[in-house]
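Top to bottom, those sequences are chains A and B.
Residue numbers for the first sequence follow the numbering used here, so the first one is 1 and each next one is one higher.
Residue numbers for the second sequence follow the numbering used here, so the first one is 1 and each next one is one higher.
It is possible that some hints are incorrect.
[To be verified] Covered stretches of chain A, as calculated for chain B (at least 3 residues, CB under 8 Å): (1) 71-81; (2) 91-99; (3) 112-125; (4) 162-172.
Read the hints as simulated data drawn from the structure, not as lab findings.
Using N, Cα and C, we set each Cβ at its ideal position, and we do this for glycine too.
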Amino acid sequence: MSVIKTESLMKIYMQGQDEVRAVDNVSLSIEKGEFAAIIGQSGSGKTTLLNLLGGIETPTSGCVYIDGVNLQKVEEPKLAQLKRQKIGYIFQDYNLIPILSAQENIAMPMLLDGKKAKQEEIERLASFLGIDNRLKHFPSELSGGQKQRVAIARALIMHPSILLADEPTGNLDKHSADEIMELLLEIHRQGHTVLLVTHEQRYADMCPRKITLSDGRIVSDVRR
Amino acid sequence: MYFALYLKRSFSRRFQKHFSLYLVLTCAFLLPLLISFYRDSRSYGSMQQLLFLSKGQTFHISNVTEADCQYFQGIEGLSSPFYEDGEIYLKIENDEQWKDFATLNMYGSQVQQRINEMGRSDVFFTGNEYERAHGISTDAVLLSSQRQLYAMNVLLILFMAFIVQSTYRSHLQYFSSDMETLSCCGASRRQIASIFLIEFLVVFASSAISAVLISGGILKALFWFFLEMREDSGLAWLVFHVDARNTAVHLLICFLALGVPLCLSLRKYPRRSVSQASAIPKKYRRKKLTASRSPARTLAKLWRQRTNRVLQNCLCISIPLVTIFLFLFQYLLLNQADLSTPVDYEIRVTSARTSFTDEEIHDIEAMEDVAYVVAKKVPPPGEFHIEDPEGGLESVRIHSISDLAAKNETFGKYDAVIRVNPARMQLEPGGKIKLIRFNGQVGEELFALTAKQVLEGEKDDWACDVYIDDVLLTIILNQLPCNEIEIKLRDVSRHEAVGEALQARFQGLGYKIDDRQTSVSFAQSAAPGYYLLTAYLFVVLFALVGLILYTRLCDYIRGQFEIIKTIHSLGASKGVICQSFLRQAIIPALAAALVPILLSILAMELITRSLGITLHWSSPVLAGYLGVGLLMMGIYLYPIQITLKNYMKRIQLGRQP
Numbered sequence: 001m002s003v004i005k006t007e008s009l010m011k012i013y014m015q016g017q018d019e020v021r022a023v024d025n026v027s028l029s030i031e032k033g034e035f036a037a038i039i040g041q042s043g044s045g046k047t048t049l050l051n052l053l054g055g056i057e058t059p060t061s062g063c064v065y066i067d068g069v070n071l072q073k074v075e076e077p078k079l080a081q082l083k084r085q086k087i088g089y090i091f092q093d094y095n096l097i098p099i100l101s102a103q104e105n106i107a108m109p110m111l112l113d114g115k116k117a118k119q120e121e122i123e124r125l126a127s128f129l130g131i132d133n134r135l136k137h138f139p140s141e142l143s144g145g146q147k148q149r150v151a152i153a154r155a156l157i158m159h160p161s162i163l164l165a166d167e168p169t170g171n172l173d174k175h176s177a178d179e180i181m182e183l184l185l186e187i188h189r190q191g192h193t194v195l196l197v198t199h200e201q202r203y204a205d206m207c208p209r210k211i212t213l214s215d216g217r218i219v220s221d222v223r224r
Numbered sequence: 001m002y003f004a005l006y007l008k009r010s011f012s013r014r015f016q017k018h019f020s021l022y023l024v025l026t027c028a029f030l031l032p033l034l035i036s037f038y039r040d041s042r043s044y045g046s047m048q049q050l051l052f053l054s055k056g057q058t059f060h061i062s063n064v065t066e067a068d069c070q071y072f073q074g075i076e077g078l079s080s081p082f083y084e085d086g087e088i089y090l091k092i093e094n095d096e097q098w099k100d101f102a103t104l105n106m107y108g109s110q111v112q113q114r115i116n117e118m119g120r121s122d123v124f125f126t127g128n129e130y131e132r133a134h135g136i137s138t139d140a141v142l143l144s145s146q147r148q149l150y151a152m153n154v155l156l157i158l159f160m161a162f163i164v165q166s167t168y169r170s171h172l173q174y175f176s177s178d179m180e181t182l183s184c185c186g187a188s189r190r191q192i193a194s195i196f197l198i199e200f201l202v203v204f205a206s207s208a209i210s211a212v213l214i215s216g217g218i219l220k221a222l223f224w225f226f227l228e229m230r231e232d233s234g235l236a237w238l239v240f241h242v243d244a245r246n247t248a249v250h251l252l253i254c255f256l257a258l259g260v261p262l263c264l265s266l267r268k269y270p271r272r273s274v275s276q277a278s279a280i281p282k283k284y285r286r287k288k289l290t291a292s293r294s295p296a297r298t299l300a301k302l303w304r305q306r307t308n309r310v311l312q313n314c315l316c317i318s319i320p321l322v323t324i325f326l327f328l329f330q331y332l333l334l335n336q337a338d339l340s341t342p343v344d345y346e347i348r349v350t351s352a353r354t355s356f357t358d359e360e361i362h363d364i365e366a367m368e369d370v371a372y373v374v375a376k377k378v379p380p381p382g383e384f385h386i387e388d389p390e391g392g393l394e395s396v397r398i399h400s401i402s403d404l405a406a407k408n409e410t411f412g413k414y415d416a417v418i419r420v421n422p423a424r425m426q427l428e429p430g431g432k433i434k435l436i437r438f439n440g441q442v443g444e445e446l447f448a449l450t451a452k453q454v455l456e457g458e459k460d461d462w463a464c465d466v467y468i469d470d471v472l473l474t475i476i477l478n479q480l481p482c483n484e485i486e487i488k489l490r491d492v493s494r495h496e497a498v499g500e501a502l503q504a505r506f507q508g509l510g511y512k513i514d515d516r517q518t519s520v521s522f523a524q525s526a527a528p529g530y531y532l533l534t535a536y537l538f539v540v541l542f543a544l545v546g547l548i549l550y551t552r553l554c555d556y557i558r559g560q561f562e563i564i565k566t567i568h569s570l571g572a573s574k575g576v577i578c579q580s581f582l583r584q585a586i587i588p589a590l591a592a593a594l595v596p597i598l599l600s601i602l603a604m605e606l607i608t609r610s611l612g613i614t615l616h617w618s619s620p621v622l623a624g625y626l627g628v629g630l631l632m633m634g635i636y637l638y639p640i641q642i643t644l645k646n647y648m649k650r651i652q653l654g655r656q657p
C-alpha cells in the first residue's frame, strides 16, 4: 500500500519573466516501510519535491496523497494535523527554533498538537540519539551533529509513519554524517517509511530504492 | 562612486523601506513645525499689530485737524508733524534718544506744552516707546507664552527624536546584512557609516522639505479661512508667517537630536555579529515553555516569553503620545466652548475719571439695538488702601466675604478676612487696620477694621485682598461714582455698529469701550478652524503612531519569519499561528486603547475641578473616544494580521519575505 503517492506533480516558480519548473510532472509512489533516496544535482528539484510531499509548499498542479488523503483537497487545519501526526520532517539546516532549548524543540510538535510534552518519551529519544546530556542547551550551544540529532528527535516525537529527511548530512562532517545515516537506517528498521533527499551517492547507495531527479523530472527509479 | 551606486540600488530596490522611514520622519517633523509656524505667526501678528497701532511714530496727537500741524512745528529732535485720519504724528529722530525713557518723557512734556498752548481740552496725545513703534513686543504675557511654546516644542522634538530613533534602529537592523556584505567585500567601517549617513541625509532632507511644505500649506489655509486675526478690535493679532531662521533652528535641533544617536548606532555595525544579535537573553532561560489549553495559547506564551518585547516598547511610544493628544483635544474643546459661550452683556464702557451722568446713561439706552444698560460702581485698582498697625500703607482689593466662604455668626460688620501677600506685608490675626480711600493725593479714612483671620495669598504684585461684610461693602460702593456701564444688545450681531456709536459718543482719554462680543464672535468664527487644526493634528499624530508601530510590528514579525516557517512546517496551521500573535498583542492593544483615554479623562477631571468648571460628556466626544480606542486597537492588530497573512502566503509559495 502506498503511503505517499503523487500524480503529475508540478511546481513552477517565476524568476522575473522566466518560468522555472522546479518539479516537472512527477508521479511516484512510496510504499509503507520503504526507505527511498531521492538523489540529484543541486537545483534538480529534490528539496522542492520533498516540501511538496510534506505539505510545506503547494504544487502548481497535480496531487499529493498521504495515506490516501489528497493534500490539495483537505482544509488547512486538517493538513496541519496530518503533518503533525503522520509526517516527521528533518531539514538540511536543522530549522531548530533558536529561542527554545533542545528539549523544548523536541517537544514542540506535541505542544502544537495540544498535548503535554512527555518527559520520559523525550528522554528515551534523546538517549537513543545520544543527546541526553544536551537537552537543556539552546541550539546556539550545540554542534552541527547534535543539532541534527535534536531535529531527528523532534521529527520522531509524534511517532509519524513517514520521515522526510532533506539532506540531513549536508552540513555535517563525514563522521557525524555517517552516524546520522546509521540512525536513519535504524529508524527505518523500526518500521518508519523514510524518504531521504541527498546529493551524496554513497548514502543513496545505502538505501533500498534510489530515485534520481534531473531538472525536476524523475530520470531513474531503481529498487535493489 | 560606490556611494552613488549603493544608494541608487538601495533606494530603488528597497524603496518601500526607505519610503516608510521618509513618512515617519515627515510625520515626526510636522507637529514641531506646526507649533513653530504658529509661534512665528503670533510673533508676526503682534509685530504687525504694534506697527499698525503705533504707525512707527513716537507721538500720536488725537482730536486734531490738519491745520493743527502748525502747533507742533519746530520741536527740536522731533520730525515734522504729519496729519492722517484725525491724528498728527511726531517721531523722535534719534533712535538712541527714543530708547531712553527720560528723553521720551522730556519730549512728551514738550508735546503736552504745545497742546496746552492750543487751549483745547479734547486734544490729547499718546506716546510710543521705541520697541512698540518698531513692532517689538514687551508684553510679558506674550513673551512668556512664546518662550513656553518654544520650550514645549524643543521637548516635543526630543520626544519625537526618541521615538524616531527606535524606528531608525530597526531600519538599520534591516540593512545589517547589507553592511555585513559590504564589510566582506572590503568596505571599511568608515565607508559603511558614510553610506548610511548620506542615506539618512537624503531621507532627512526630503522629509524636512515635505514637512515644511505640508505644515506651512495647511496652516496657511487654516489661517486664510478661519484663524487670521488682524482687525483693530483689541484682540491679539494672528497673522500667518514662517520665520525661515526659526524653522532652520528647529530642523537643526531635529537633525542633531536624530543624527547624534544615529552616529552612535552606526558604530555598532557591522561589528555586531549575527550570533551575538540572536543570542538568547539569560533572563528567558529560567521560564520553561509548557503546554497551555490550546496550541495558540502555547505559541502566544512562546512569543511573549522568548522574543523581543516589541509590544511593550510600542506602548511606551503610543500611550504618552495619545494621552497628550486626547488631553489637548479635550482641553481645546473646553476652551473653545468657553470662548464661544454667549456673554451676559456685550459691551462695557468704563470711565476712569468721572461718574457717568444720567444724560449719558440715557443716551446709551436710546441707542438703536441696545436692549438695556446696567450702571455699576466698581472700585478702580489703587482706589483703596489699608494702614497696618505699624503704619505701613498698601493697596488693597475689596471683596464680599461671601466670595470667600459662608459668613459665620461671629463675623461682625467691621470684621475682615485679609489675604496678605507675605512678600509685601505682615499682619497678625486680631490686628486693627484702617481702610483708606484716596481721592487724588488726599487719603480719607473710611473704617477701622479688625483682621479676624489672616490668610497667606499668592506672591504676586498685589499686597492684599480684604473680604468684608456685605452691608459694609454696599456702604463703600455707594460712595463710589457710577464708573461702569454694561450694555446688553437686542441683536448681538450689531455689536460693531453699537461700538462705533459709543466711540463717537464717548471720545477722549477717560473712557474705555470694551466690546466683549468681538472676542466671542471671533472665537465662534475661528472654531471650525481650530477643529480642523485639531483634526489635522489628529491625522498627523495617528499617522506617526501608526507608521512607527506598523514598521516595528512588521519588523518584529519579519524577525520571527524563520521560526514561523519552522513551526508551520512542524504542523501549526495558519490560523493557530495568526491567533497566537494576535493573542499576544490583544492585551497591549487594549492597554493602548484604554490607558490614554483613562489618563486623559483623569487629567481633564483634575484640571476642570481646579478651575471650578463642570466637564460635560457629550455623545460626539464619547464617540470620539470610542473611535480613538478602536483606532489604537487597529493600529496594534492590523500590522500583525496583514504581515502574517502575507508571510504565510509566501511560506506556502516557497518564497522568502
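Results for each hint:
With 5 residues carrying a beta carbon less than 8 Å from a beta carbon of chain B, the stretch 71-81 of chain A meets the three-residue requirement, and the given coverage holds. Coverage of a stretch by a chain is defined here by at least three residues with a beta carbon nearer than 8 Å to that chain's beta carbons; for the stretch 91-99 of chain A and chain B the count is 6, and the condition holds. Remark: the stretch 112-125 of chain A is confirmed as covered by chain B, as 6 of its residues place a Cβ nearer than 8 Å to a Cβ of that chain, reaching the required three. Residues of the stretch 162-172 of chain A with a Cβ under 8 Å from some Cβ of chain B number 0, which does not satisfy the need for three, so the listed coverage is violated.
Against the hints set out earlier in the document, a violation occurs for number 4 only.
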